[in-house]
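Engineer: Given chain V, put chain H in place with the hints provided.
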Amino acid sequence: MPDPRSTSPAVRVVVAVLLIAPFVVYLAVPSYARVKPRLAGFPFFYWWQLLWVIITAVFIGIAYLLTRTGGRR
Amino acid sequence: MSDVNGVELTVFIIFFALVTVMGFAAARWRRGQTLMHLDEWGLAGRGFGTFTTWFLLGGDLYTAYTFIAVPAAVFAGGAMGFWALPYAAIAYPIVFLIGPRLWSVSHVHGYVTTADFVRGRFGSKSLGLAVALTGIMAMMPYIALQLVGIQAVLTVIGVKGSGLAKDLPLLIAFALLAAYTYTSGLRAPALIAFVKDSLIYLVIIVAIIYIPTKLGGWGHIFDSAQASLAKPNPATGKPSGSLITSDMTHWAYGTLALGSALALFIYPHTVTGTLASGRRNVIKRNAALLPAYSLLLGLLALLGYMALAQPDVAAAVKAAKNPQLAVPTLFDHVFPSWFAGVAFAAIGVGALVPAAIMSIAASNLFTRNVYKEFFRPDASPAEQTRVAQLVSLLVKLGALVFVLAFDKTLSINLQLLGGIWIVQTFPSLGLGLYTRWFHRWALLAGWAVAMVYGTLTAYNQHSPAQRHFAQSTADVPFLHHTAYIALTAFVLNMVVVLVLTAILRAARVPDGTDETDDGDYLADAGDPGVRERPELVAE
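Protein chains in written order, with the numbering used here: chain V, 8 to 80; chain H, 77 to 615.
Keep in mind the hints are simulated off the structure, nothing from the lab. Among these hints, one or two may not hold up.
[What the hints assert, rightly or not] Cut-off 30 Å, straight-line C-alpha distance, at most; resulting in silico cross-link-like pairs (DSSO-like, lysine-lysine):
(1) H:Lys394 - H:Lys307
(2) H:Lys448 - H:Lys201
(3) H:Lys307 - H:Lys397
(4) H:Lys314 - H:Lys394
(5) H:Lys307 - V:Lys43
(6) V:Lys43 - H:Lys290
(7) H:Lys314 - H:Lys201
(8) H:Lys290 - H:Lys397
(9) H:Lys314 - V:Lys43
[Stated by the list, open to error] Output of the computed footprint for chain H on chain V, the stretches with three or more beta carbons under 8 Å from beta carbons of chain H:
(10) 14-21
(11) 37-48
(12) 56-67
[What the hints assert, rightly or not] Sample of chain H residues with no beta-carbon within 10 Å of chain V, all distances over it, derived:
(13) Asp243
(14) Asp388
(15) Leu470
Ideal placement from N, C-alpha and C gives every residue a C-beta, glycine not left out.
Just chain V, with the same shape it has in the complex (with noise of 0.2 Å):
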C-alpha cells in the first residue's frame, strides 16, 4: 500500500528534472568555458555560473511547492 504522504509519479518526474538540471548545465564545464559574451564587465564564464545560482533556487522552490501540495503539506 502507497504511503499517502508519498508524491504522485507526475510529479516526481517533474521533480527529478528540476533537481537534476543544474548538474547538467553545471557538470558540462566545456560549455559555459568560454569569455564572450561578456555581462557588466563580468566575462561568460562567471556570470552564467552566479545566473545559475539563482535558476538553481527557483528549480529547488518550485520542487518544494510541488511535493508539499502533493504530499499533502
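Structural biologist: Structure of chain H alone, referenced to chain V:
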C-alpha cells in the same frame, strides 16, 4: 606591514571581544530557565524555523573557507579556483533529496549523529563506527583551515615575528579556539551566529560594492587579473592560470564541484544543523533559500581577482608566498584602518565559531558512537561531558598537526582532504536513506577500499613545495583525466559495494536488521512517534 597596525588591531580586539561577550552573556541569561545539565544546550535544538535554520546552516558555509581559502585559490589559479561556486549550487538539490528523509528517520528513532542512523539502518555497529571515525578524521583538516584563516588575518594586522615567534599568530589562533570551545560548548556559538552573520554580511556587501568602484569596475578587474595570471610563474615557467578553464582543467573543475557537493551535508557539523530544524519542510525551504549564500560566495571568490588587479596588493601577497593573505591584504590596502579592523574581526569570528562547532560535532561522534557504544555503555552524562571536552581538545590538536605538517600554499586542500574521506560515507548515509539493498559488509568493504585508495593517492601527490598531499586532484586510472580524488575513490567504493552486495546476497550471508520502516522517512512533526529532539545539540 612589518609593524603592527594599531588601529586595525584595536578594532579587531574590541569587536572580537564584544561578539564573544555577547554570546556568553546571552547564554547566562537563558541559563536560569533550565537545569545545569548537558540538555541545557537543548534550547538550540528545538523546533528551529526557516529563518533560524537559514542562519545556522548558512553559518556553516561562511567560514574561513569562503573568506580566505576560495579567494586564495582564485588568486593563485584563476578560473580553476572558482569551482567552489558550482559546488555551492549543486549541493542544494542533494540537501533537498537527503535532508528531509534524514530529518524524519532521525526524529522517529532518536538519532543524533549520522553514525546512529547508519548503525540502525544496516544493523551494523562496525559500519556505525566506520562512519563515526571518518567524521572525526574529516573534521580535523577542516578545522585546520579555520586556524589558517585566523592566522592570515593576524599576520596582515602585523602580529608576527621571526624564529620561534614565527608561529605566534597560529598559536594565538589555537589558544583562542581552545579556550572558546572549552568554556562555551555549543551554546554560545549558536547564539553568536546571528551577530556573526550580520557582521559578515556587512563586510561582504561593502567589499563587493565598494572595492570594484574603487578599482575601476568589474571589467577592469577581470582584465587586469587576466594579464596578471598570464604572466609566467617564475617557478614553473608556465602561466599560473587563466580566466576560464581549459581542456586540462575541465574535469578537475567539475569533479571538485561534484565531490564537494556530495560531502557538504554529510559532514557531522552540517547534519547537526539540519536535524535541529523543527519540521521537514523547513529543510526543503532552506534548500531553496540557502543558494543566496552561494551567490555571495561566488562574488567573494572574485576578491581573489581584485587582489590581483591591485598591483601593490598582488606584489605584497606574492612576496609573502602565501595566497591566503590575498583578501586580508586587499582589505588592509583599500579600506580605512578602522573598517579593515571590523572586516578582520568578522573573518576571525567567522572562522572561530565554525571551528568550535566542528570540534564539538567531532567529539559528539566520539562520545556517542565510540566511547559509549564500545567502551562505557553506562557512562553518566557528566562522564560523557568530560570525555567530549577532552576529545574536542584532542581534535583541535589534530587540526594543529595538519596546519603545521601541510604546506599552506593552498589551504583549500585541507578542506578537500576532509572531503576525500567524508564522501566515502555517502553510500551508507546518502544512498542508505533511499535503499536498504546494500549489504552491510559490502558497504564496510567499499568504505575501507576507498579510504585506503583515497588517502594513499592524496599522500602521493607532490609539488616543488611539498612532498606529500600537495593537491587533491590526481590522474584517474584508465581515463587519463585529472579529477578530484574523492570522486574517483567514491566510484571505486560504489563498484565494491555493488559487486560484493550481489555476491553476499547470492550466498545468503545474513544481513543486519533494519530498525526503520519506509514510513519513517516521511514522518513529520506532529505525527505519532515523532519525538522532539531537545538533546540534539546537547552532548
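Engineer: So, for every hint listed, does it hold in this structure?
Structural biologist: Status of the hints after comparison with the structure:
For the given pair, lysine 394 (chain H) sits about 13 Å from lysine 307 (chain H) by alpha-carbon distance, which is consistent with the 30 Å threshold. Our distance criterion of 30 Å between C-alpha atoms is met by lysine 448 (chain H) and lysine 201 (chain H), whose separation comes to about 12 Å. With a C-alpha separation of about 16 Å, the suggested pair lysine 307 (chain H) and lysine 397 (chain H) falls inside the 30 Å cut-off, and the hint holds. For a cut-off of 30 Å, the pair hint linking lysine 314 (chain H) to lysine 394 (chain H) stands: about 16 Å separates their Cα positions.
In summary, the hint linking lysine 307 (chain H) to lysine 43 (chain V) is supported, as the alpha carbons are separated by about 22 Å, within the 30 Å threshold. Of the pairs offered as hints, the one joining lysine 43 (chain V) and lysine 290 (chain H) holds, with about 25 Å between alpha carbons and a cut-off of 30 Å not exceeded. Taken as a hint, the lysine 314 (chain H) and lysine 201 (chain H) pair is broken in the structure, with Cα atoms around 51 Å apart against an allowance of 30 Å. For the proposed pair lysine 290 (chain H) and lysine 397 (chain H), the alpha carbon gap of about 26 Å is at most 30 Å, so the pair holds.
With a CA separation close to 24 Å, the supplied pair lysine 314 (chain H) and lysine 43 (chain V) stays within the 30 Å bound. With 0 residues bearing a CB less than 8 Å from a CB of chain H, the stretch 14-21 of chain V misses the requirement of three and the coverage assertion fails. Residue count for the stretch 37-48 of chain V with a Cβ under 8 Å from a Cβ of chain H: 7. That meets the three needed, and the coverage hint holds. As drawn, the stretch 56-67 of chain V meets chain H at 10 residues by the rule of a beta-carbon pair under 8 Å; at three or more, the given contact holds.
Distance to chain V confirms aspartate 243 (chain H) as a non-interface residue, since its nearest Cβ pair spans about 37 Å, more than 10 Å. No Cβ of chain V approaches the Cβ of aspartate 388 (chain H) within 10 Å, the least distance being about 22 Å, so the stated non-interface status holds. Consistency note on leucine 470 (chain H): stated as away from chain V, and its beta-carbon is indeed over 10 Å from all of that chain's, at 38 Å minimum.
Checked against the numbered hints given earlier, the structure breaks hints 7, 10 and satisfies all the rest.
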